[in-house]
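Note that the protein sequences, when read in sequence, are chains X and W.
Going by the working numbering, the first sequence opens with residue 1, and the numbers climb by one from there.
Going by the working numbering, the second sequence opens with residue 1, and the numbers climb by one from there.
Simulated from the structure, these hints should not be mistaken for laboratory data.
Glycine included, every Cβ here is placed at the ideal spot set by N, Cα and C.
Don't take each hint at face value.
Claimed, not checked - These stretches of chain X come out as covered by chain W in the derived footprint (C-beta under 8 Å, 3 or more residues):
1. 11-17
2. 21-35
3. 84-93
4. 98-110
5. 120-131
6. 146-157
There are 2 protein chains.
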Amino acid sequence: MRILVDGQPRESVGALDRGLHYGDGLFETLAVRHGRLRFLDWHLERLAKGMRRLGFPPPDLDGLRTELAGAAGEGAGAVKLIVTRGIGPRGYRPPREARPTRIVIAYDAPGVELPAKGLRVGWCRVRLGRNPALAGLKHTSRLEQVLARAEWDDGHMDEGLMLDTEGRVISATQANVFARIGSRWVTPSLDGCGVAGVMRRAFREWLKGQGNPAEERPVAAAELAEATALVLTNALIGAQAVRELAGRGLEPDPDVAAFGGWLERL
Amino acid sequence: MRILVDGQPRESVGALDRGLHYGDGLFETLAVRHGRLRFLDWHLERLAKGMRRLGFPPPDLDGLRTELAGAAGEGAGAVKLIVTRGIGPRGYRPPREARPTRIVIAYDAPGVELPAKGLRVGWCRVRLGRNPALAGLKHTSRLEQVLARAEWDDGHMDEGLMLDTEGRVISATQANVFARIGSRWVTPSLDGCGVAGVMRRAFREWLKGQGNPAEERPVAAAELAEATALVLTNALIGAQAVRELAGRGLEPDPDVAAFGGWLERL
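Please model the complete structure; the sequences and the hints are all you need to start from.
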């Protein structure tokens, strides 16, 4: 593992950083394959959009690109980038001229263990609060996910689906979700909460290219009982079939393997 | 300003700290008056409760008490304490044996400027998402407050009231709120969101002692049009009268001055 803080090899961050005080930051987790950062442009695009929505000064995207590429290893791994609003005076009020802190953490292994036969998924009790101002962003105020992920630690479940406070399906704790209902793929809208994942975008683009675009809309929990297939996506796992949802068996969908093959050839 | 990290004079925190990655922490801001930490027991009680709810190991309260007292200056000031879940492996999942990080920041001045004639308060556009799992906690996933506080920066407004996503009044960006409606004080319930402030508790206890306990219940935004007085509370400002709410003038209530006098004599 290698850590860069503001471009320098350093293992620590100022104790007055607003990322630490208020979760006032954003992050990206990028997969490294054959020494290349997968979907780098889309990650940077989402980051820049998030920084704009939070009122951060715009990032130096060329500089970031160079720094991330330099941090990525030669083979397969992962790079995490955190950008906070930086050090600020006391109080929630953002400094007028924020100087964001950037933290790059590079791992020489992807660090994900995937069951060969597909994921076993259950339901989390903790729900996601709705807040359009933050919806879609991969920000660092993530206590809801932390509490949800703390709900299981044994071997009978790989991921947990989360509902929002109105009872709609939003995502898994660290992945987006697609359900095949009837002949169509459906993925929850993320205008109230949830993270608009880069792999969610990739799977949607790919499905569109196949002539079977996913429908983005609110999804009630009960609808998943009718789903014939369920898929979780994130930057590191790609798209993974769910083989069991709360005890009910599901079949792998051919789209999952086809997308996986496409992803490998990228 | 003096900073202690895990009891040592140090100005930085590990770049892998979960407080930085996920807002996985809690904080307390304590007022120092005449060299004493005001309501120290209540702050520690709230912290311990928050740590329990987030699944942190229990704090060493005696050690914390000593450390905070040592950090407080001789006169008037403030001490901020942050406790994060500490350094952990990748992912939201909390480590089984977390070793929390504690950060103590001591200021030699209270650092609050209060207008002599009472506060001018408006409404924030950003709303608070509802999440019972986090409601009441003074946690460090605070992007909602950051965005709300970024809505104004000129001289015509001192604080902003926040609604939750269902349109109920919850609090100001960094203070709790009490409204006198009819003959009674009313304060919003915090079972869906908001921070259960220590000064809120103090004002409630004091009101109870006066034989006029505040009613804690959901408060619709429209009800504040009927309020004859409005008060904001937090650990540093005590209880402050609002002199103007969105352009409407309000009278100071005698309870505010009486409580302020009681607070001074503590």
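Verification of the supplied hints:
Counting residues of the stretch 11-17 of chain X whose beta carbon lies closer than 8 Å to any beta carbon of chain W gives 7, which reaches the threshold of three, so the coverage claim holds. Chain W is given as covering the stretch 21-35 of chain X, and this holds because 6 residues of the stretch bring a CB closer than 8 Å to a CB of that chain, at least three being needed. Counting residues of the stretch 84-93 of chain X whose CB lies closer than 8 Å to any CB of chain W gives 6, which reaches the minimum of 3, so the coverage claim holds. Requiring three or more residues with a Cβ within less than 8 Å of a Cβ of chain W, the coverage given for the stretch 98-110 of chain X holds, as 3 such residues are present.
Under the rule that three or more residues need a Cβ within less than 8 Å of chain W, the assignment of the stretch 120-131 of chain X holds, with 6 such residues. Counting residues of the stretch 146-157 of chain X whose C-beta sits closer than 8 Å to any C-beta of chain W gives 6, which meets the bar of three, so the coverage hint holds.
This entry satisfies every hint, going by the numbered hints stated previously.
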